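S.K.: The listed protein sequences derive, respectively, from chains A and B.
The opening residue of the first sequence carries number 11 in our numbering; numbering runs sequentially from there.
The opening residue of the second sequence carries number 11 in our numbering; numbering runs sequentially from there.
Where hints are given, some of them may not hold.
Each pair may be met inside one copy or between any two copies, as identical chains are not told apart.
[Stated by the list, open to error] Keeping only pairs whose Cα atoms sit at most 30 Å apart, straight-line, the calculated DSBU-like set for lysine-lysine is: (1) Lys364 to Lys93; (2) Lys23 to Lys365; (3) Lys23 to Lys212; (4) Lys183 to Lys23; (5) Lys364 to Lys402; (6) Lys90 to Lys23; (7) Lys360 to Lys183; (8) Lys203 to Lys334; (9) Lys402 to Lys183; (10) Lys334 to Lys364; (11) Lys359 to Lys402.
None of these hints come from the bench; they were simulated from the model.
Keep in mind it's a predicted model, so treat the numbers as computed, not measured.
Protein chains: 2
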Amino acid sequence: MNYQFSDKLAALKPSAIREIFKSLTDPTIISFAAGNPAAESFPVEELAAHSADIFAECATAALQYNITDGFPPLREAVAKRQKEIFGIGRSLAAGDTFDDMTVIVSGGQQGIELACKALCNEGDVVICENPSFIGALNAFRSCGAVTVGVEMEEDGIDPDDLERVISENPRAKMIYLIPTFHNPSGITTSEKKRRRIYEIAKRHSLPILEDNPYGELRFAGEELPTIKSMDDGGLVIYCSSFSKILSAGMRVGFVVAPEPIATKMVVAKQSEDVHTNIFFQMLCHRFMTKSDLDGHIQAIRALYRHKCELMLGELERELPSSVKFTRPEGGLFIWCTLPEGSDMSAFVKKALEKKVAVVPGTTFNCDTDAPSLSFRLNYSTPSDEQIVEGVKRLGEAAREFIH
Amino acid sequence: MNYQFSDKLAALKPSAIREIFKSLTDPTIISFAAGNPAAESFPVEELAAHSADIFAECATAALQYNITDGFPPLREAVAKRQKEIFGIGRSLAAGDTFDDMTVIVSGGQQGIELACKALCNEGDVVICENPSFIGALNAFRSCGAVTVGVEMEEDGIDPDDLERVISENPRAKMIYLIPTFHNPSGITTSEKKRRRIYEIAKRHSLPILEDNPYGELRFAGEELPTIKSMDDGGLVIYCSSFSKILSAGMRVGFVVAPEPIATKMVVAKQSEDVHTNIFFQMLCHRFMTKSDLDGHIQAIRALYRHKCELMLGELERELPSSVKFTRPEGGLFIWCTLPEGSDMSAFVKKALEKKVAVVPGTTFNCDTDAPSLSFRLNYSTPSDEQIVEGVKRLGEAAREFIH
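My request is simple: use the sequences and hints to build the entire structure.
M.R.: Here it is, written out as structure tokens:
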């Protein structure tokens, strides 16, 4: 049979990262390619205890169908926490001009995809930071949307560039941003740029999808206001998850968005998976209300501070000074850039020969044909020993590569 | 802000069933409106024990990211069982002309949505039985596809009608069928019609999406071959789940499809939720391999046989003979049809006044503007007492309504 696929999927390739993840069966390879939270960051014993309690106290409800919006006590707990920590969530009752609504989704990934599905027709444009999170780029493409990039600078995209890209793309329907501990670059957008970006989006009535999966993982520098906290106009869809603070494999995330948008996303979610695994929604709620989530997050921050500092120190020692890298204040990633004129793909291949895996920067390009001098390193997954040994191998590769 | 939504979602309404589910907070209402498995069908103690074992034996893997295709041991166990029970799954190694691939999805709902996403552009047509499962119809609509119906008869759709609808719809990209214990009608398509439908689809190179969520729940009559078991041409996408045999709330389903189609669906799934909750994939695998799944399913069949027979008996006694109803051999639903000229919506309203909820037939129409004389009853969720009392109320409503 000669299969005919939809235009939006015919061209879409599996994410290079997932493919690398799949091929990392060689135990002699040290992987800096993942985006996984550290295995030691999972609070296994407490989750096991809460889990046993759910089976004992409310098993039937935890195994039966539930409503699409999410487990109401979890929605409440999430809304409360986002309000307290990030100043997120408007309500008419509090004198705001609109209501935000909190919805539970199957990981932040689903929040991203649903936002695009709700707002974009095939051929519409999503404006993204360039580079950007491959999972989001592919989600937009899988909806038939076109991704157009605004180049990342050291403190986020240039708002004037954003304005230009908006004017050049009349079919732009959404701006996608990861302002805090950006994936893949590790960059945090400055407060000044956040405010200007919000003002520009508002002037153009262009919704912003603010993706903040790493927001709670700051281990250096000062907290900056989320763009959603500035949202007096009702144009920001805020998306985050429990993946980096509790468990990635359970696939529980959340969205805070103006009620009309959130409602459309719920309708779309109903058609995708009816609702998110209800047992784990209950588990998240129990952990939030009966365990010490703040203390747990402090421990993860300390762990990642240590791992990041270790990797940065090793990179400084092992890499030629012509290779530049970012210094993240949180999150999971460091972004390395080879000197002008280098063949990045050849370097990544050489690194793999030396048994260290990194993700080529082209993976994260909005324009899939554009070149890149960069590659992404992850420090949350490898052990300390692997970080030291892996960077040493990377250094060897670099010294052989850059003459 | 003046929100502009995508065309495909602007018109889509939340599923009436989910809305009814949401509004059923009045404890005096007896609901025949759900599609939930019986609460007593969940093997709580065994799931709790397997769950504790997972936390003890492989917690980290159960909480970490995993691959999109699904937990490999679960995929294997599912493929083996589908082969044994339903004769499903071709392989080049066995001398077939193509390979089928088994993929784990977040409930059967996701399998349905992914199939449409992979095959249909906006404006393409999905041919469905009329009436059909509202969750599927809305999934197709949420992809921008148009649903066109072929009328249901007592033993499935008329193949000649199908042929006519195909010829009238050059943009038809897929045929969606629930041949066994159809939702909402409870009808099972005859073997003869299954064979003719398959032959027609093959001749037109038109993929079939065979949805079989209730296939294991036969409590009367003889097993019929699935359409997928006839698939020597590689055109059938088979979709089912654990929702009706283990737990609906965990959202674990599966797809068996020719490898090129399954691969595209995996790419689309990656953008929707990365993968299905891995803990519960492991739980399903343990239940399949360490518990008595067959014995458990026998018990559910006996339970539903009893509930269905009870409801049919009560309907016979309580309803005027002018109201017709189907006699399912499995599954969850009975389909009642009022005499010609009746106002079905008014009847459903009257029933609700009598404190019994049913789902109006219009909900399940491919053409949302078309009328219906029918309504759907569910017997798996209510208790025996509720079945007796609820049908009594339905009878009162009918006697007041039909003069």
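S.K.: When Cα atoms must be at most 30 Å apart, do Lys183 and Lys23 count as within-copy, between-copy, both, or neither?
M.R.: Classified as both; 24 Å inside a copy, 22 Å across copies.
S.K.: How would you classify Lys402 and Lys183 at a CA-CA limit of 30 Å: within, between, both, or neither?
M.R.: Cα proximity of Lys402 and Lys183: none, with 45 Å in one copy and 53 Å across.
S.K.: First find the shortest C-alpha distance between Lys23 and Lys212 inside one copy, then the shortest across copies, and answer within, between, both or neither for a cut-off of 30 Å.
M.R.: This pair counts as between: shortest inter-copy Cα distance 28 Å, intra-copy 34 Å.
S.K.: State whether the alpha carbon distance between Lys203 and Lys334 is at most 30 Å within one copy, between copies, both, or neither.
M.R.: Result: close within a single copy only, 23 Å intra versus 67 Å inter.
S.K.: At most 30 Å between CA atoms: does that hold for Lys359 and Lys402 within a copy, between copies, both, or neither?
M.R.: within (16 Å within a copy, 73 Å between copies)
S.K.: When Cα atoms must be at most 30 Å apart, do Lys334 and Lys364 count as within-copy, between-copy, both, or neither?
M.R.: Cα proximity of Lys334 and Lys364: one copy only (20 Å, versus 73 Å across).
S.K.: When Cα atoms must be at most 30 Å apart, do Lys364 and Lys93 count as within-copy, between-copy, both, or neither?
M.R.: Neither, since 47 Å and 44 Å both go past 30 Å.
S.K.: Go through the copies and call it for Lys364 and Lys402: within, between, both or neither, with a Cα cutoff of 30 Å.
M.R.: Result: close within a single copy only, 10 Å intra versus 76 Å inter.
S.K.: Check Lys90 against Lys23 for me: Cα-Cα at most 30 Å, and say if that holds within a copy, between copies, both or neither.
M.R.: between (39 Å within a copy, 29 Å between copies)
S.K.: Could you place Lys23 and Lys365 in one of the four classes (within, between, both, neither) given a Cα distance threshold of 30 Å?
M.R.: Classified as within; 25 Å inside a copy, 52 Å across copies.
S.K.: Are the CA atoms of Lys360 and Lys183 at most 30 Å apart within a copy, between copies, both, or neither?
M.R.: neither (40 Å within a copy, 45 Å between copies)
Checked against the numbered hints listed earlier, the structure breaks hints 1, 7, 9; every other hint is satisfied.
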